[in-house]
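*Asks:* Sequential numbering of the sequence shown, starting at 187, is according to my numbering.
If you're looking for bench data, these hints aren't it; they were derived computationally from the structure. Please read these numbers as outputs of a predicted model, since none were measured by experiment. The reader is advised that the hints may include incorrect statements.
Unchecked claim - Cut-off 27 Å, straight-line C-alpha distance, at most; resulting in silico cross-link-like pairs (BS3-like, lysine-lysine):
1. 404 with 208
2. 427 with 318
3. 318 with 404
4. 443 with 471
5. 240 with 318
6. 329 with 516
7. 300 with 189
8. 486 with 300
9. 404 with 471
10. 265 with 486
11. 317 with 298
12. 317 with 486
13. 329 with 208
14. 208 with 318
15. 265 with 300
16. 427 with 329
17. 317 with 427
18. 427 with 443
To be verified - Simulated restraints, written as ranges between beta carbons of each label pair:
19. 446 with 196: 12 to 22 Å
20. 469 with 388: 46 to 56 Å
21. 492 with 451: 38 to 48 Å
22. 370 with 485: 48 to 58 Å
23. 525 with 238: 36 to 46 Å
Ideal Cβ positions, reconstructed from N, Cα and C, are used throughout, including at glycine.
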Amino acid sequence: MIKVGLVGFGFAAQTFHLPFLKVSNDFDVVAVSSRNPELVNAELPNARVYGDYKLLLADPQVELVIITAPNHLHFSIAKAALECNKHVVIEKPMTTQVEDAQALIELADQQKRKLTVFHNRRWDGDFLTIKKLIASNELGEVKLFESHFDRFRPNVRQRWREQPGDGAGIWFDLGPHLVDQALQLFGLPESVTAKCLVVRENSEVCDYFHVQLHYQDKQVILNSSPYCPHPNRRFEVQGTKGAITVTGLDPQEQQLKDALLPTDSTFGLNQRAQRANLFTEHESKEIEIERGQYFNFYLKLATAIFSDAPLPVDPSEIVDVIRLIQLAEKSSNESRTLNWY
187 MIKVGLVGFG FAAQTFHLPF LKVSNDFDVV AVSSRNPELV NAELPNARVY
237 GDYKLLLADP QVELVIITAP NHLHFSIAKA ALECNKHVVI EKPMTTQVED
287 AQALIELADQ QKRKLTVFHN RRWDGDFLTI KKLIASNELG EVKLFESHFD
337 RFRPNVRQRW REQPGDGAGI WFDLGPHLVD QALQLFGLPE SVTAKCLVVR
387 ENSEVCDYFH VQLHYQDKQV ILNSSPYCPH PNRRFEVQGT KGAITVTGLD
437 PQEQQLKDAL LPTDSTFGLN QRAQRANLFT EHESKEIEIE RGQYFNFYLK
487 LATAIFSDAP LPVDPSEIVD VIRLIQLAEK SSNESRTLNW Y
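Using the sequences and the accompanying hints, generate a full structural model.
*Replies:* Printed below as a string of structure tokens:
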């Protein structure tokens, strides 16, 4: 089994990582860096708890370090972990600067360690459905692709993501997911037009974004609003043969919050959390949404570590995600369309 050390034990670690690690036959969480040892002991009674992540990195038993610390710490912790000859998983965003992401990739190569990024929404059931429809040409040539992650969050909460700082705000929180999905489908855009705004009372960081990716033959729109109490219009894709709309959110996050085990027979199944409708010129019909597969990330990671198979997420692909996030910020700040580098 791969011996795991968790850096951070907040929402991300407990919700998106620990459930999969606990049921996997390939991973064993042996150490956690946290300021709340009581919480860790309740979940992982056999794990060692360190108050400082540097002590965790010095633990010779730890082989894989999973970093769920605040965004601005990702680079420094990942760099230190690689220097200690650990494999590394970084919660998205990989880093807040392109140069830092490139430096980590080079260091991982030098150290001959595995480095990957937790872009779990590549395995959202709705995204898998959209990806399959586009690949099978059922929609024809895609001309418009809209990806929304709208929620009803009208009040600012006291958490680091909503406080001023490097890597704070919704564009660095949800943006990496939407950008990564778009780049997986369509590759790099020709230019970007973005609005990353502060729209809520008492908010000090970006809490709304509307980002347009301009391609030669299509338009891609990425959007997140904190003022959406109705079911989220997650995707709308229009093509030369037809269109698809998806409402609601992939159920896996809520299932994890509800403590449903990833090994449960219903995990990842839609069960009416979402609806997908396919439209052509002459008919419309509701279609089945693919089963979500977050567990695939850790299954693929274990295989990559054991047998040198491809990583679940190639970090070199994520450099362009960070580059686009930075370009969109610049576009918004300067109120103009910017060409891709």
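*Asks:* Note whether the CB distance of residue 469 and residue 388 lies within 46 to 56 Å or breaks it.
*Replies:* Because 48 Å falls inside the window, the suggested range holds.
*Asks:* Does the Cβ distance between residue 525 and residue 238 fall inside 36 to 46 Å?
*Replies:* For residue 525 and residue 238 the Cβ distance comes to about 44 Å; the hint holds.
*Asks:* Verify the proposed pairing of residue 427 with residue 443, using a straight-line Cα cut of 27 Å.
*Replies:* With Cα atoms ~38 Å apart, residue 427 and residue 443 exceed 27 Å; violated.
*Asks:* Take the C-alpha atoms of residue 240 and residue 318, compute the straight-line distance between them, and say whether it is at most 27 Å.
*Replies:* violated, 43 Å
*Asks:* Under the criterion that the straight-line Cα-Cα distance not exceed 27 Å, is the pair residue 443, residue 471 satisfied?
*Replies:* violated, 31 Å
*Asks:* Given the proposed pairing of residue 427 with residue 318, does the C-alpha separation stay at or below 27 Å?
*Replies:* holds, 15 Å
*Asks:* Taken at face value, is the distance from the CA of residue 208 to the CA of residue 404 at most 27 Å?
*Replies:* Distance ~43 Å between residue 404 and residue 208 Cα, so the pair is violated.
*Asks:* Taking only the CA atoms, is the gap from residue 265 to residue 300 under or equal to 27 Å?
*Replies:* holds, 12 Å
*Asks:* Falls inside 48 to 58 Å, the C-beta gap from residue 370 to residue 485?
*Replies:* violated, 19 Å
*Asks:* Going straight from one Cα to the other, do residue 317 and residue 427 come out at no more than 27 Å?
*Replies:* Holds. Residue 317 to residue 427 sits at ~16 Å (cutoff 27 Å).
*Asks:* Sort out whether residue 208 lies within 27 Å of residue 329, counting only the CA atoms.
*Replies:* Since the Cα atoms of residue 329 and residue 208 sit roughly 43 Å apart, the hinted pair is violated (cutoff 27 Å).
*Asks:* Hinted pair, alpha-carbon criterion (27 Å max): residue 427, residue 329. Please report holds or violated.
*Replies:* holds, 10 Å
When each numbered hint is compared with the structure, violations occur for hints 1, 4, 5, 11, 13, 14, 18, 21, 22.
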